[in-house]
Amino acid sequence: MSKPRRIQAPYISEEEVKKVVAHVARQAEGQIANEIDFSEKGQAGGPDAIFASMAGADEGDDDELYPEAKKTVVEAGKASTSYLQRKLGVGYARAARLMDILEERGVIGPADGAKPREVIGAGNADELVKEAEALEGEGDRI
1 MSKPRRIQAP
11 YISEEEVKKV
21 VAHVARQAEG
31 QIANEIDFSE
41 KGQAGGPDAI
51 FASMAGADEG
61 DDDELYPEAK
71 KTVVEAGKAS
81 TSYLQRKLGV
91 GYARAARLMD
101 ILEERGVIGP
111 ADGAKPREVI
121 GAGNADELVK
131 EAEALEGEGD
141 RI
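Going by the working numbering, the sequence shown opens with residue 1, and the numbers climb by one from there.
Derived from the structure by calculation, the hints contain no laboratory data. Any given hint could be a false lead.
The calculated lysine-lysine pairs, modelled on DSS-like cross-linking and capped at a C-alpha distance of 25 angstroms, are [to be verified]:
#1 K71 to K115
#2 K87 to K71
#3 K115 to K87
#4 K115 to K78
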């Protein structure tokens, strides 16, 4: 900028930043790698995985909202991150993770620009068998 701009924020000196970083490093000793490992074997337990697990963002493939997300997109016949956000009341990161899981399991197709993804199947054949058995059991009671 040609002209300085006044902003209001607390001043944090470089010394204070170093003290905070040293404290975090002591608290997480043995959990955070000293170097970034870009090899294939380092990907699973690398710094990104450590930071994700520290933040609680690593929900694994078994997200508790997966069945509801699957049902929602199959019934609607379309899938998008914003649609899941609205219908399930979740944030963008979780909705995007659910979309990734749905794509991995063959429920929805790949992304095509800004268009909603196509529902290509119900995915997970074992789940379909369980659903069919449950429906047959309900039919007997009617």
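The hints, checked one at a time:
| no. | hint | result |
| --- | --- | --- |
| 1 | K71 to K115 | holds (20 angstroms) |
| 2 | K87 to K71 | holds (11 angstroms) |
| 3 | K115 to K87 | holds (18 angstroms) |
| 4 | K115 to K78 | holds (9 angstroms) |
When each numbered hint is compared with the structure, no violation occurs for any of them.
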